[in-house]
Amino acid sequence: MPPIPADDNDPPSSAVVLAAGEGIRLRPLTANRPKPMLPAGARPILEYVLNALIDTGINDIHLVVGYQAKRVRSHFGPTYRDVPITYHTQANQLGSGHALLQARDGLDGTFLLVNGDQIIDTRIVEAVSSSHTETTATLAIVEGQNAVDYGAVRLDGDRVTELIEQPITGDFRLFNAGVYAFSQQIFETLETLSVERGELPLTAAIQQLIEDGDHAVGGVRTDHFWMDATHPWDLLTLTRELLSRGWVDDPPGDDTTHVADSARVHPDATLVGPVVIDSDAVIEAGAIVGPYVAVGASATIGAGAVLRDTVVDTDTTIGPNTTASEAVVGQGCELGANLTVAGGPATVVLDEDVHRNVALGGVIADRVEIGGGATLEPGALIGPEATIGHGVVVHGRIDGGSEVVR
Amino acid sequence: MCGIVGCIGRGNDTVDVLMGGLRSLEYRGYDSAGIALGPSMNVLRQSGELDALTEVVDTNDPTGTYGIGHTRWSTHGPPTDRNAHPHTDENGRVAVVHNGIIENYAELKNDLEAAGVTFSSDTDTEVVPHLIAQALNDGDDPELAFHNTVDRLQGSYAIAAIIDGEETIFAARQGSPLVIGVGDNCTYLASDVPAFVEHTRDVIFLEDGQRVHANTDSYTILNDDREPVEVSVETVSYTAEETGKSGYDHYMLKEIHEQPTALRQCFSGRGDALDGTITLEEIDEIPQPDAVQFVACGTSYHAALYGASILREMGIPAEAYLASEYALSPPPLSLGTLVVGITQSGETADTLAALRDAQSRGVTTLALTNTVNSTAARECDHAVYIRAGPEIGVAATKTFSSQLVGCNLLAEELVEGQRDLRPLIESLRGLPDDVQSILDSSAAESLVEDYVDSDGYFFIGRGTNVAVALEGALKCKEISYEHAEGFPAGELKHGPLALVTSDTPVFAIVTGDDERAQKTLGNIKEVQARGAPVIAVTDGESAAEEIADETLMIPETNERAAPVLANVQLQLFSYYLADALGQPIDKPRNLAKSVTVE
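Keeping their order, the protein sequence lines are chains A and B.
For the first sequence, the working numbering begins at 1 and goes up steadily by one.
For the second sequence, the working numbering begins at 1001 and goes up steadily by one.
For reference, chain A alone in the conformation it holds in the complex (with noise of 0.2 Å):
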């Protein structure tokens, strides 16, 4: 059934996702998925996202999307906690003022905008939801120094009065969130805008809104979670404010160690909390699993293990005796026995960036295979396909697909 329009007094119903991007700063993860289907704890981003909007009262939602569509479309499918999912595709990754556009024609009256690849607290789309009463646009206003993706703001009162595309940290201590609530009228703004330099920002829309004059944007200041994955190791983060702030469905064991039903732990096996096993994964004899370690699901951790600070997406299999901290690995990989990632800190360069201090043991993208006795130095990034033969160690970036061998 299709929403009905919404009247402008009552609280959006609908929501637009932002679920199109490949997330470049995440690669190689991202190889085979967009960044919002990357693994935050045991699930992808995407799903804590829906799950803050369905939780706010959110019945319709509309999922842009784009690189590796895919894989979106064939996770969620038509529904998701019985609420009705309209796909729109974005053919090219334009912006997100651009992505907004794809999904026009499936929205009446006001309506929710997240981005698909952040975790929120469903409090900030609630707060958003309900403040946005007289106003054509309203933004949630965090106060930090993390959030200059999406432009820094000057706020009077509840009015945003500028948005600053790219400030400098230091000067501005109040930033847009990217929890947006929108009237009509913003698909009017986007239209007298064109794409430059290949985006087409949502920013852009609502800086213009301000400078018209006769359009009020709204500013909602808030202090509840709100997290970004920005670089790999973001996601080692994400998983430890999760499992810390027990967001995490699965039938909890004891207050923070969550074993989903169908999985299987071995009784000699140590689950230290915080720590998530998805269905149908597997803890062998003597491994210790946690804190702060997601098993996705149908994942194998081999007998005496040792993990802790560790994400292992779903359908890998780590090795026997194994130790690793601060990894992140992707889907369906098989590592070897013995193998070591001992953790970080690091020197990580991402696209002739330098990040130094990373906390990071190493990145394993999808379907890596890894022989006996590798060892990962600190910040080791591994392409996905790679193989690495017996007892290499692994030092800065192996590209997809290339073979290693001692």
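In short, the hints are calculated from the structure, not lab data.
Heads up, a few of these hints could be off.
Claimed, not checked - Derived coverage of chain B by chain A (criterion: at least 3 residues anywhere in the stretch with Cβ under 8 Å from a Cβ of chain A; other residues may be distant):
1. 1251-1262
2. 1267-1278
3. 1445-1457
Cβ coordinates follow ideal geometry from the N, Cα and C atoms, glycine included.
Take the given structure of chain A and dock chain B to it, following the hints.
Only chain B this time, still in chain A's reference frame:
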């Protein structure tokens, strides 16, 4: 097979409810469709897909407060307007929709014609409204007229009727599916639950011989002696939206991409990787059978071939039979034989007939099906569910993959004795990601460009890969309409090789590097010598990759799991071939999703 719907108690929403119901039953047939409404006795029907009827309905804007509807897959008479349901008597006092076959219709029709009745269609169904009208003329009240008519019918049917002046829907089930939906002061009926699941999830699964009177605010279920019976109302769990397309162009492509999830669900909780055991709780108590006979049709038959093959390798005599042959020429069986029916829908008439035949001979029966509470699941002694989720595309894809996993689970549960199943469990657990890796990187779509203009397509394999070859060919022919055949690779030289030319690509399924693989390599050279291009579907363990002209690669796994992966590559090839040819992939001509007539 056809789909029928009905609803009473929904007032002015009746037309919308009926049309929505037909829309979700379209998978059961799409040759023609129609509705009949009371109390106006307004009947609208149209050949072609449901959209054609929708136009007629929009133009005529019919009114009614209760009614019945039908979407048709032709069995008696071509798909024309005159053969579209509902059918009526000469005066339009009675309207009837029917799914199934009335076996004694010729005799009944002769009697009616002798009495002066003029028929206006070629269908078997039309005898029903005439018989009811005749009974009314003889002084029966509507209720009696309906029951007296049903008593005279032989064959399989689900029937719904409305009769002028009586605010009731009459319905009867014998051998074809019919379910009742219980709403607030309204009642629905349909061939399958999706037709009304958006209105109610409270459902009564009727048994054969049961009849229904549905009134505005109540319903009565009667047995074939016309006595009211107590029935239980069950709550079904799935939602209407589960059957949407998620933005894919076709259900078939959506379902191909759902296979990792389907396989995960099928295996979940059934294999223990720690102690190396497989358990199917639902059949825990079945002792090891002396022999197993599989009965199935179409794609499910190919799964049965695979299942029989793995059981034989485990030392259990096992055979796969085409269900349509089994009931009429039943093979001998001993009392220790287990007869396993594989049917996605659980409603396939040929398979049900074969299972009933086996049951009548006193052996244990088991249904391996995707549909909880289906007729096969209810009638057999045991049921094992493959948990693939709803499949709408007429060409079976994810259910075949799940059936193959189901066969493994079944075989390991049935065959007693200590075995370390860890390698098998590891490969079955690995299937979702292995399938995903094929979906991420398959070359099938680009291969289609080179082979779209071929004269025909051949598929060969040995051992369990024979089932894959046959299934690959079936998928290809049913959706692309191109000529395609599958053969055990060794059979080529005994005849079919005569068909092989440079315009007939041959798909060779070669997994592992055992004797079967080696011999299949010989067959590859055999067809290459006749100029045919060879596409190897291979895991790279044998030399197939070097010998063949093209390859579709699958991940290495063990021999039980490899057929699932090889088949996914062939599904993708058939899909993109049919798409390149512009065929209606989800609704191939002349076919229906589950065939509930024999």
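We went through each hint and held it up to the structure:
no.: 1; hint: 1251-1262; result: holds (count 5)
no.: 2; hint: 1267-1278; result: holds (count 6)
no.: 3; hint: 1445-1457; result: violated (count 0)
This entry does not satisfy hint 3, going by the numbered hints stated previously; all others are met.
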